[in-house]
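There are 2 protein chains.
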Amino acid sequence: MTQSLTTLLGITHPIIQAPMAGASTPAMAVAASNAGALGSLGCAMMKADALRELGKDMKNQTNRAVNFNFFCHTEPASSAETGEAARALMKPYYDEHRLGEVKDANPTHFPFGEEICDVMLEIAPKVISFHFGLPPADLVQKLKDNGSVILSSATTVAEAKWLEANGADAIIAQGFESGGHRGFFLESEDACIGTMALVPQIVDAVSVPVIAAGGIADARGIKAAFALGASGVQIGTAFLNCVEAGIPSVHKKELLASDGSNTRTTKVFSGRPARGIINRYMEEMREHEPDLPDFPIMNTLTGPLRKASGTANSPDFVSLWSGQAVGLNRESTTEELIQSWAKDAKL
Amino acid sequence: MTQSLTTLLGITHPIIQAPMAGASTPAMAVAASNAGALGSLGCAMMKADALRELGKDMKNQTNRAVNFNFFCHTEPASSAETGEAARALMKPYYDEHRLGEVKDANPTHFPFGEEICDVMLEIAPKVISFHFGLPPADLVQKLKDNGSVILSSATTVAEAKWLEANGADAIIAQGFESGGHRGFFLESEDACIGTMALVPQIVDAVSVPVIAAGGIADARGIKAAFALGASGVQIGTAFLNCVEAGIPSVHKKELLASDGSNTRTTKVFSGRPARGIINRYMEEMREHEPDLPDFPIMNTLTGPLRKASGTANSPDFVSLWSGQAVGLNRESTTEELIQSWAKDAKL
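Chains as they are written, first to last, in the working numbering: chain A, 1 to 347; chain B, 1001 to 1347.
Source of the hints: derived by calculation from the structure; they are not laboratory data.
Note that CB positions come from ideal geometry on N, CA and C, so glycine has one too.
A portion of the hints provided could be inaccurate.
Claimed, not checked - Chain A is faced by these chain B residues, among others (derived, beta-carbon under 8 Å): (1) Ala1085; (2) Ala1088; (3) Gly1167; (4) Ile1216; (5) Leu1256; (6) Ala1257; (7) Thr1333.
Said to hold, decoys possible - A few chain A positions that, by computed beta-carbon distances, are all more than 12 Å from chain B: (8) Glu122; (9) Ile150; (10) Val157; (11) Gly175; (12) Glu187; (13) Ile193; (14) Leu198; (15) Asp204; (16) Gly246; (17) Asn279; (18) Arg280; (19) His288; (20) Ala325.
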């Protein structure tokens, strides 16, 4: 018998607002947690001091459980030549936006390590979730001994088994439908398994609770996830048209205009596959996709372009992250969405 | 209010055994229909005389509703040079299997047309389903006037709306998880939408009943499909380990060994994207995928290889069609699967 997910996470409704670094906001996490779901903070790009401040802020704004999310990617291994070739590809785009010299081909954020772990031990949040695997075993153990519940995403049965064996207290089964970065970490190539197929196969393979993610955007999806054997859901894209979402207005507009058929996964923004609405930059860079520097170096190079495009109210260079159920999106607030889903799905 | 799917199709359980040309058999269709589901015959590669005989045979074996399935692909438009280049690629494989001259680069089966339509007007089956769109409007109208219910597959909301506007009585929402050929016909590129995201978006867009397909392989998937708003399900891969399946034993073995992570879509067998378990031929031919002749010319060229490989009990050149929920497969009979699903899903 698996422990109830709501008890494990200390929440009322078995719904996790997905951590979406650069898109979700502390205000969204507070609203989600105060509405009885699990609010999440995408902390992958934060430095220790800022994270410490964020931890204090959160404690002032909610006494409910909150989830802090981090990346556990492998350090980039691509060559300096690959980095320079990508800088050369970026140059005309930087020139078009009058952005000056292309940034150096270096990572500007790093996998979860000792320094950030120490901050998490101070903050001691109820939940810490990881993407792209788990941190080194000693750090996982310290966080668990400190009382935090550990989550991570699996895109295959093999990844789910690995996460369970390495200390995850519950597993997020991330289907191919989901927006943003694919969490795969074991397979040499992305297996691209849809939520409908992935969830029951993972449920059968592990004994910890399974949280379904990908393609879920309303009460119908929540009920379907439970029918498949999931103990909860993680929802991302549906929150991006909420007032609390920290994305450019042109991104919100593209989401509301989509019928779900114009997204695909791409490495051209960050160096790792992530799902977004197809735009000019994705189309033009597609042929170079196999030759780009590793995550997150590519993310460094595209940063100024993404920002300038959003400021100029153009969709052309914004990473328009979106899942495939985006056609169900509507303008709302985080609280209203969670309350309506809980009511309609009879949670 | 949509008409009940079971009433529309004249069946007891809202389950369609997917037509899988070359894999399903008349025995499977009879077993499925007699168990209260809708049995389907994959007739895309049949000539008129054989089809007429099959129609008579079916009437002798079941008085329940049966579905005859056909392809509505566009005629191949690739050049003779493309065909010859593909023949040259096949030559070493033909030599390896001592198969003599590579077949001519011509189609050996054709889209649903007048002659086959006339046979269908004679047989007058309860249900006729199409893949890759619909036949010309006058043929659709004749079949409907003759009393057959018309189904076809949509992989996007736009395709679902097109099918409804062009006479489909119910729409199969085919998610990216499904095995075999992707049914897309309107989009220039496959949108690859997963079942969890596709079904509710199509349900919201059309007023005819929606049948969920892709990633459904047990009662959990059936219940999830209903939660998403579907009126029924179409299931394929789960039937391939039934005694009635007409596939090589090496294919059955590969299905039972899979955890769902080793499939992908490929054009290398037929010229159109279809999902199968990755094997030597898929790997070796991957780089040539963009340059192959159109469907179904490529199918002609690979025919002898697929057959020889199956006979030799090797998975290397068999089109190992499979959906992503294949990890749920078990050895059974068509009747037993349908009865157990109907019981467990409380249909």
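Going through the hints against the structure:
1. Checking Ala1085 of chain B against chain A by beta carbon gives a least distance of about 21 Å; that is not within 8 Å, so the hint is violated.
2. Annotation: interface hint on Ala1088 of chain B violated; nearest CB of chain A at approximately 25 Å, more than 8 Å.
3. Because the beta carbon of Gly1167 of chain B sits about 22 Å from the nearest beta carbon in chain A, more than 8 Å, this interface hint is broken.
4. A hinted interface residue such as Ile1216 of chain B counts as satisfied when its beta carbon comes closer than 8 Å to some beta carbon of chain A; here the least separation is about 6 Å, so the hint holds.
5. For the restraint placing Leu1256 of chain B at the interface with chain A, the shortest Cβ-Cβ distance is roughly 14 Å, beyond the 8 Å limit, so the hint is violated.
6. Annotation: Ala1257 of chain B was flagged as interfacial toward chain A, and the flag is violated, the nearest CB pair being 13 Å apart, outside 8 Å.
7. At about 22 Å, the closest approach between the beta carbon of Thr1333 of chain B and any beta carbon in chain A exceeds 8 Å, and the interface hint on this residue is violated.
8. At roughly 38 Å from the closest C-beta of chain B, the C-beta of Glu122 of chain A stays outside 12 Å, upholding its exclusion from the interface.
9. No beta-carbon of chain B comes within 12 Å of the beta-carbon of Ile150 of chain A; the shortest separation is about 23 Å.
10. Against the 12 Å criterion, Val157 of chain A falls within the reach of chain B, whose nearest CB is about 5 Å from its own CB.
11. Against chain B, the non-interface label of Gly175 of chain A is violated: not every CB pair exceeds 12 Å, the least being about 6 Å.
12. With a least beta-carbon separation of about 7 Å from chain B, Glu187 of chain A fails to lie farther than 12 Å from that chain, contradicting its non-interface assignment.
13. Separation of Ile193 of chain A from chain B is inadequate, the least Cβ-Cβ distance of about 5 Å not exceeding the 12 Å criterion.
14. Non-interface call for Leu198 of chain A relative to chain B: violated, since the shortest CB-CB distance, roughly 7 Å, does not exceed 12 Å.
15. The beta carbon of Asp204 of chain A is not kept farther than 12 Å from every beta carbon of chain B, the shortest such distance being approximately 8 Å.
16. No beta-carbon of chain B comes within 12 Å of the beta-carbon of Gly246 of chain A; the shortest separation is about 24 Å.
17. With a minimum CB-CB distance of about 15 Å to chain B, Asn279 of chain A clears the 12 Å threshold, and the non-interface call stands.
18. No Cβ of chain B approaches the Cβ of Arg280 of chain A within 12 Å, the least distance being about 16 Å, so the stated non-interface status holds.
19. No Cβ of chain B comes within 12 Å of the Cβ of His288 of chain A; the nearest lies about 16 Å off, and the non-interface call holds.
20. Look at Ala325 of chain A: its CB is around 4 Å from the nearest CB on chain B, not clear of 12 Å, so calling it non-interface is violated.
The earlier numbered hints that this structure contradicts are 1, 2, 3, 5, 6, 7, 10, 11, 12, 13, 14, 15, 20.
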